[in-house]
Each structure stands twice: as C-alpha cells, then as structure tokens.
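Chain B: place on chain A using the hints.
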Amino acid sequence: MGSHCDLPLHGFTVVVETDKVLYIGRYHSESERGILLNDVDAHDVQDETEKLEYLAKSAKFGVFKNTDQVQVPLDRVSSVRKLIEYTPKG
Amino acid sequence: MRYPEHMTAPMRQELVQMGFSELRTPEDVQTEVEKSSGTVLVFVNSVCGCAGGIARPGIALALSHTHVPDKLTTIFAGMDLDAVEYTRGLFPDYPPSSPQAVLFKDGKVVEVVQRHQIEGSHPQEFAGLLATAFEKHCQPVATD
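If you read the sequences in order, they're chains A and B. Count along the first sequence from 1, then add 45; that gives the number in the numbering used here. Count along the second sequence from 1, then add 8; that gives the number in the numbering used here.
Be a bit skeptical, because a hint or two may be false.
What the hints assert, rightly or not - Derived pair list, reagent style PhoX-like, types lysine-lysine, alpha-carbon separation capped at 25 Å: (1) A:Lys105 <-> B:Lys116; (2) A:Lys102 <-> B:Lys113; (3) A:Lys65 <-> A:Lys127; (4) B:Lys43 <-> A:Lys102; (5) A:Lys134 <-> B:Lys144; (6) B:Lys113 <-> A:Lys105.
Think of the hints as simulated: they come from the structure by calculation, not from any bench. Because the structure is a prediction, the values reported are computed rather than measured.
The following block holds chain A by itself, in its conformation from the complex (with noise of 0.2 Å):
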C-alpha cells in the first residue's frame, strides 16, 4: 500500500488555479474530496496580467501564506502546477 510521500506532488510547493482564487502551497494529497494543500497562500485573482504578476513574485520570492490548510474541491480546480515552473525567464 502506498503512502502520500509515493505522490509525485507531494511535498512539492504548486499552484492550485480555480476561476477566482490562486492557492499557492505544499501538496499533500488528493482525493474524491479534493486536493489537499498545506501553508498556503490563498490570493484573489483581479486579471490576468495581475495572476501572472503574482505568480512570478512568488517564483522568485517564495510563498506567504495566510492559511495553514486548505482542501480545494477538484471541481473548481482548473490546473496544478510547481511555482517554480512559473520563474521569471532571465
């Protein structure tokens, strides 16, 4: 049997994109309930030029989060992805 640590997310610091929130944090899990983030930044998306702003701030900055967990239903999940995949290029 499995355990989280065998997640390919798990541990890893991701970018969890709904319609109208970003939440940045550390994967822990998911399941039918949704996905499972620890130490979390949940910030209100106003436009895209403003998510893609934030985004590559906290590439290069690092996270800080304003919520110690959060479960986001995977209905309103739109994309999981690493922050560092969001690094500023140069």
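For chain B alone, kept in the frame of chain A given last:
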C-alpha cells in the same frame, strides 16, 4: 513545538562535519552574521525529506567550488526557534522557508534560495544555484 533532538541530531551533524557552525540564539546570529564582514552562508536546516534531503548533499557539492563563503553557519527550523525568528527578520521580503540558503555579504543579504527552488531537484542542481551565487559574491579559494 520542537522536533525531538535525537531526530535532528544526524542532520545537524551532517552540516557540522562540512564545517558549519551552529547558531542557536539571536546573539549568535548577531555576532556571526549581522556584525560579520565578508561572506557568510546561513543554511536553514530542515527535517523535510522532499527538500532538506536534497539540500544537504547539494551544499557539500557546492563547497568544492572554486569560490566559497568566508563563513558557514546553520540554524534549524522548528528547533532553534529564537535564532530562526531573528534571522528571518533580517530579510523580511522573503517569506519563511525551510530549507533555505541565505548568503550575506558584510551583514547584508545578497542571495536567497527558497525551498520551492530546491524541492524535486537533484543535489547537483541546488549545488549549481549555490555555486553561481558563490562565484558572484565570494572570494576564490586560496590554493598553494
């Protein structure tokens, strides 16, 4: 809440054997980092296997580079609570992270490597990040 000492002791020892000195109090940080001239690496040690287990061997590799910091120091997240809090106060633009590597030059922060830049990588990649920072800010190692 602190981790049990017996759990963290081998991780501390790994760095001490590389030449790191441990900073246990804010006063240690003031003396060894804030008031120190030259370059000082502060490594925030971590029990995390996803990143701490990559970072420590990565540091060992980076220390074989042509340029290295004048001084190597470490604090342990979740253990040396006062020292960690004090140190983090020296670079408030960066959120708390463990592990974390912070390079100071003449008491000022010049480079920070955060956990999300370490997790999932190979020790060689983390060593490469450190080596780039060392080459930019540190003196070459004297050779006879």
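Verification of the supplied hints:
A hinted pair counts as satisfied when its Cα atoms are at most 25 Å apart, and A:Lys105 with B:Lys116 qualifies at roughly 19 Å. Distance check on the hinted pair: A:Lys102 and B:Lys113 sit about 24 Å apart at the alpha-carbon level, within 25 Å; holds. With a C-alpha separation of about 19 Å, the suggested pair A:Lys65 and A:Lys127 falls inside the 25 Å cut-off, and the hint holds. In summary, the hint linking B:Lys43 to A:Lys102 is not supported, as the alpha carbons are separated by about 30 Å, beyond the 25 Å threshold.
Proposed proximity of A:Lys134 and B:Lys144 is supported: the alpha carbons are some 19 Å apart, at most 25 Å. For the suggested pair B:Lys113 and A:Lys105, the alpha carbons sit about 20 Å apart, so the restraint of at most 25 Å is met.
Figure legend: structure checked against the earlier numbered hints; the only hint not met is number 4.
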